[in-house]
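Taking the hints into account, I'd like the entire structure generated from these sequences.
Per full-length UniProt numbering, the very first residue in the sequence shown carries number 1; after that it's consecutive.
Worth flagging that the hints you see were computed from the coordinates, not collected in a lab.
Only a predicted model underlies this, so the values are computations on that prediction, with no experimental measurement involved.
Don't take every hint at face value.
[Claimed, not checked] Label-pair ranges, simulated between beta-carbon atoms: (1) Ala141 - Gly254: 41 to 49 Å; (2) Pro3 - Arg50: 28 to 36 Å; (3) Leu130 - Pro3: 35 to 43 Å; (4) Arg87 - Gly254: 39 to 47 Å; (5) Gly138 - Arg269: 40 to 48 Å; (6) Ala99 - Ala141: 15 to 23 Å; (7) Asn196 - Ala99: 33 to 41 Å.
[What the hints assert, rightly or not] For lysine to aspartate or glutamate, the following EDC-like pairs were computed, each having C-alpha atoms within a straight-line distance of at most 20 Å: (8) Lys71 - Asp117; (9) Lys98 - Glu43; (10) Lys98 - Glu46; (11) Lys175 - Glu131; (12) Lys122 - Asp158; (13) Lys71 - Asp158.
Ideal placement from N, C-alpha and C gives every residue a C-beta, glycine not left out.
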Amino acid sequence: MAPLRFSANLSWLFPELPGLPARLRAAGSSGFEAVEVAWPYAEPPEVLARAAREAGLRLVLINTPPGDQEKGEMGLGAVPGRQAAFRQGLEQAVRYAKALGCPRIHLMAGRVPQGADRIAVKAEMEIVFLENLRHAAGVLAQEDLVGLLEPINTRITDPQYFLDSPQQAAAILQKVGRPNLQLQMDIFHWQIMDGNLTGNIREFLPIVGHVQVAQVPGRGEPSSPGELNFPYLFQLLEDEGYKGFVGCEYQPRGDTVEGLSWLRSYWDRRGHPEGQR
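This is the structure in structure tokens:
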């Protein structure tokens, strides 16, 4: 069984460093071969591409733009009346993905509109999401890119988020029926919403294109105190033949590099004492 491949989420790791180029350098120095970032749009893509090359890194995941965050938007894919803005954001994300050599884009669903009842608007939001996803699948296919759907827990992190369970996301993916749209499995969110991680991983892994990890409930390093047994989960992913990247999307409890001791231990156990390269 091949060892897992890890990517540093630069929206979360190395928060002591001011910008993405500095965080790219830090990730490369820490032994990572890959990175991901939610929203790279504050930097010109050419600047980020050069910094990634210099650090010996590849970018493996970005998100579509969030929309108007001052108005509480967090993605637009399922938001009624925002279809044009979603498509503009998708074009921007594709432009960055091409410049960065990034193969995957998380197509953010967005939040239930303020003041709306989730149950009352669910059907309308799903129709909008399906329409936008079919459009996105066509755009992404032209560039040989993959779109990802990520359920985000509504119990702690984002009570208004539309897409909140792997079952909901898998049903939507089945309705869209496009092979270049896949599931993004953030173990932190899945555990909070549904638990049953062994069963859900085995059931949904065939349609998973990316994995992310953080301890529950504090969202710290996998080795931090919490309810998840990450050595078991990593072994499960290996046993099930997962070949994609595992994104380190957690809040460091202290110095990021010191907090990577769990990852260095994994690399050592799997015969990669110098990291992955």
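Next item on the list: Check the following: the C-beta atoms of Asn196 and Ala99 are separated by a distance inside 33 to 41 Å.
Entry: Holds, at about 40 Å.
Notebook entry, point to check: Lying within 35 to 43 Å: is that true of the beta-carbon distance Leu130 to Pro3?
Noted result: holds (37 Å)
Note to self: Quick check on a hinted range of 41 to 49 Å for Ala141 and Gly254, using CB atoms only.
What the structure shows: This hint holds: roughly 43 Å between Cβ atoms.
Notebook entry, point to check: Okay, Ala99 versus Ala141 on CB: inside 15 to 23 Å?
Noted result: holds (19 Å)
Next item on the list: With a cut-off of 20 Å on the C-alpha distance, tell me whether Lys71 and Asp158 pass.
Entry: holds (15 Å)
Next item on the list: Note whether the CB distance of Gly138 and Arg269 lies within 40 to 48 Å or breaks it.
Entry: holds (43 Å)
Note to self: Can you confirm whether the C-alpha distance between Lys71 and Asp117 stays at or below 20 Å?
What the structure shows: holds (18 Å)
Next item on the list: Would you mind confirming whether the straight-line C-alpha gap from Lys175 to Glu131 stays at or under 20 Å?
Entry: Judged against 20 Å, a Cα distance of about 11 Å means the pair holds.
Margin query: Check the hint pairing Lys122 with Asp158 against an upper bound of 20 Å on the C-alpha distance.
Written below: holds (16 Å)
Notebook entry, point to check: That 39 to 47 Å hint for Arg87 and Gly254 (C-beta), does it hold up?
Noted result: The hint (39 to 47 Å, Cβ to Cβ) holds, given that Arg87 and Gly254 are roughly 42 Å apart.
Notebook entry, point to check: Does the structure keep Lys98 and Glu46 at a Cα separation of 20 Å or less?
Noted result: holds (10 Å)
Notebook entry, point to check: Is it true that the CA of Lys98 sits at most 20 Å from the CA of Glu43?
Noted result: holds (15 Å)
Taken one by one, the earlier hints all hold for this structure without exception.
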